[in-house]
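Number of protein chains: 2
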Amino acid sequence: MKQATYFIPTAKDAPKDAQIASHRILLQGGYVKQTAAGIYSYLPLGQRVMQKIEAIVRTELNAIDAHEIFMPVLQPVELWNESGRFSEYGPELMTMKDRHDRTFILGPTHEEVITDIVRDHIKSYKKMPLSLYQIQTKFRDELRPRFGLMRGREFTMMDAYSFTAKDEDTNKIYDNMGSAYAHILDQLKLEYRMVSAISGQIGGSESAEFMVLSQIGEDTVLYSDTSDFASNLEVYPELKAGDKSPDGHGILKEAKGIEVGHIFKLGTKYSVDMKANFTNNKGELEPIIMGCYGLGISRLIMALLEQNQVEGKVVWPLAVAPFKVHILLANIKNTEQVAAANTVYAHLQEAGVDVLFDNRDERLGAKFGDADLIGSPIRVVVGKGVENGVLECLNFLTDKKVEIAIENVVQTIKDWL
Amino acid sequence: MKQATYFIPTAKDAPKDAQIASHRILLQGGYVKQTAAGIYSYLPLGQRVMQKIEAIVRTELNAIDAHEIFMPVLQPVELWNESGRFSEYGPELMTMKDRHDRTFILGPTHEEVITDIVRDHIKSYKKMPLSLYQIQTKFRDELRPRFGLMRGREFTMMDAYSFTAKDEDTNKIYDNMGSAYAHILDQLKLEYRMVSAISGQIGGSESAEFMVLSQIGEDTVLYSDTSDFASNLEVYPELKAGDKSPDGHGILKEAKGIEVGHIFKLGTKYSVDMKANFTNNKGELEPIIMGCYGLGISRLIMALLEQNQVEGKVVWPLAVAPFKVHILLANIKNTEQVAAANTVYAHLQEAGVDVLFDNRDERLGAKFGDADLIGSPIRVVVGKGVENGVLECLNFLTDKKVEIAIENVVQTIKDWL
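First to last, the sequence lines map onto chains E and U.
If you count by my numbering, then the first sequence holds residues 201 to 617, one letter each, in order.
If you count by my numbering, then the second sequence holds residues 201 to 617, one letter each, in order.
Hints are computed from structural coordinates only; laboratory data are not their basis.
None of these values were measured; they are calculated from a predicted model.
Heads up, a few of these hints could be off.
As the list claims (entries may be wrong) - Taking beta-carbon pairs under 7 Å as the criterion, some of the chain E residues facing chain U (in silico):
| no. | residue |
| --- | --- |
| 1 | Pro209 |
| 2 | Thr235 |
| 3 | Met271 |
| 4 | Val277 |
| 5 | Gly290 |
| 6 | Leu293 |
| 7 | Met296 |
| 8 | Asp341 |
Unchecked claim - 27 Å max Cα-Cα, derived DSSO-like pairs, lysine-lysine:
| no. | chain 1 | residue 1 | chain 2 | residue 2 |
| --- | --- | --- | --- | --- |
| 9 | U | Lys216 | E | Lys475 |
| 10 | U | Lys456 | E | Lys326 |
| 11 | U | Lys469 | E | Lys323 |
| 12 | U | Lys465 | E | Lys327 |
| 13 | E | Lys323 | U | Lys567 |
Think of the CB as a built atom: it goes at the ideal place given N, C-alpha and C, for glycine as much as any other residue.
So here's chain E without its partners, still in its complex pose:
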């Protein structure tokens, strides 16, 4: 992509209202624009990151036999009256009335809609287990939207739902979902912990949260390096940092966590209320056993930025970098530099590499500043070295900085990727 005709509206100065690094970078780097409090437009750079995260999520969920669907934003209130959640949910629930004065909910989650789909179509134990998921916009009327995409009013989530005839099957899907989440977060190179949790407004029995460790997290997580056990303080208020971990070999540490995922065993809460029954192998009616699983796509962008910036300079993990390689052309009036930059750009494009080419008529200093916000893990500077037939190549993932003969640059980058 040539930057001169692309749309990355970076700003020289940090926005005043952004209190945390990720939020500041999102705005200053031209990833998003705030359209209203807690409501954002994703500009090309932000949209690229989001779509790359979504692609990873889809691959991992398809691999565990979850099937993608797409449910509507607007949910008839009648379904929420059936589950009882309309009166329970509280002021975060966004609603609207249509021209016939019928009430609709702007979905914060989709348990009712999916239960309505399944109860019409799944009548026998033979049709289960079944896992369905969607990536969809969600709504939550936060009293005080803050921290950019961290706590917004309109945000993008993956939500999955499972339907089984037996607890064992739900347990298995729950475990598979946990593993899929781990694979996703591993590919995003995030440092995280899976912690026991309580179920909150969704309801149900067992649940676990996925917490990305970060100073700006809003939950306190206790964990030990010697065991998989991790918890947040709400569930185990008797524990504290410095205590022995359950396996007895380590010491509990305290960290702040950003909740990016939550998996629930719902049991039959929704299926009983909404009469989603199936016929078991003895011909008897039973309520379907459900699970639900959420992963915050837009919030992951914040978590990624928090863990991958130092003093406002970003290095995205390769898997989700908006562009893997950034070519900075120092002087657009120097024909040798222009020729070298064009050649490297063309060859990288031919090789199918996501590459951004800063061919703008700007000072090199300004280009460096923008590049630090755009955060490509590999940078190629086409400058005075061209006189000696070399380009400066930086690999921020390995902290390598080398001068490489122009004809070898493309191969070197391919080796790095």
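Given chain E, work out where chain U should sit, using these hints.
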């Protein structure tokens, strides 16, 4: 994909409220489920078709240097007051109030939001031309939602917006968009006409509609086989079928059209009202010249079904078929048949072919009925022929029906694709 563990909830009987073939197939074939009047959930089959259409749209728009973004559903009313559209739009506009009693619009289009983004970031002629697009859910409170996804209240559209300093540049982007739309509709194998149109609620000067020809279309289109000229009756009320076409060599025919796309030269309507100005090369302030371009993704699904069904039997074009190949196993208790079906399925999957394998415990007749609704262009029947080492292979695109030795089936299908 193995059908026994997939989710295609077909129905034996046609739904009573579906008046047109495409709507009936969508419901009966398990592509969608109605969640409320004019509001649908896309089940796995429908979601696959939608995502394939979206992928084609993205490829064509990226090729003409349009950049993808993602704007919110909720739009602050203040922006609509600036453009004046809030008071003009009428009862189709869906609105809601947040907990602070602020009014938001559920976006039917995004001219105001995009103009707000651009006016903050595009201050100079040097930053244009610029084209941005999104694929996003849109809202329109139809008085009488009907015909499934044809006239819904919540639907998926691609909407693009262009920003230029000169009319010539807008004209060029407008032409490029028209060509991109044509490429998209050609890949979808749709019979369509591009017709002169009027601009309606969006405003602006010149516009054109893309009409897929169909008996169930709601617009009357006049066209001639000897010229590119086509129009709808609203624009040229003096013309009628049987008249000479403008080039004088043909006769105008009348057809019904489904409007799937609309491209507009907006001029400076929004930029003047919303003060989206740039500095020209003489240092003077001018309003940005805009264009906007809509393509109905969910409506395209209906148009595709209308043109690709005969008496309720569907054959999807290869580019958007939910599965290109459908393997029907006649008898799941016949070990030879099972082995043959499994082998062909595994090899097609290895070859990267989208294949659905009907391995359900159902009568072959029921499998044929469902397959006619699912509409894979290529079908492989694994039945009694297995005793003689052959499978029945059908290519509905070329009306071929042949018996092929099991070991040659995969190669034959690859040749057909």
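Cross-check of the supplied hints:
1. For the restraint placing Pro209 of chain E at the interface with chain U, the shortest Cβ-Cβ distance is roughly 4 Å, inside the 7 Å limit, so the hint holds.
2. The beta carbon of Thr235 of chain E is positioned within 7 Å of a beta carbon in chain U (closest approach about 5 Å), and the interface hint is therefore held.
3. With 7 Å as the threshold, the beta carbon of Met271 of chain E comes within range of chain U, its nearest partner Cβ sitting at about 4 Å, so the hint holds.
4. Hint status for Val277 of chain E: violated, given a least beta-carbon distance of 10 Å to chain U, over 7 Å.
5. With its C-beta approaching chain U no nearer than about 10 Å, Gly290 of chain E sits outside the 7 Å limit, and its interface hint is violated.
6. At its closest, the beta carbon of Leu293 of chain E sits 9 Å from a beta carbon of chain U; the interface hint therefore is violated under the 7 Å criterion.
7. Because the beta carbon of Met296 of chain E sits about 4 Å from the nearest beta carbon in chain U, less than 7 Å, this interface hint is met.
8. The restraint placing Asp341 of chain E at the interface with chain U holds, with a minimum CB-CB distance near 5 Å, inside the 7 Å limit.
9. A C-alpha spacing of about 24 Å is found between Lys216 of chain U and Lys475 of chain E, which places the hinted pair at or below 27 Å, so the restraint holds.
10. Only pairs whose Cα atoms come within 27 Å are accepted, and Lys456 of chain U paired with Lys326 of chain E is rejected, the gap being roughly 45 Å.
11. Between the alpha carbons of Lys469 of chain U and Lys323 of chain E the distance comes to roughly 55 Å, so the proposed pair goes past 27 Å and is violated.
12. Annotation: proposed proximity of Lys465 of chain U to Lys327 of chain E is violated, straight-line Cα distance about 52 Å (limit 27 Å).
13. Proximity of Lys323 of chain E to Lys567 of chain U is assessed by CA-CA distance (about 19 Å); at most 27 Å being required, the pair is judged to hold.
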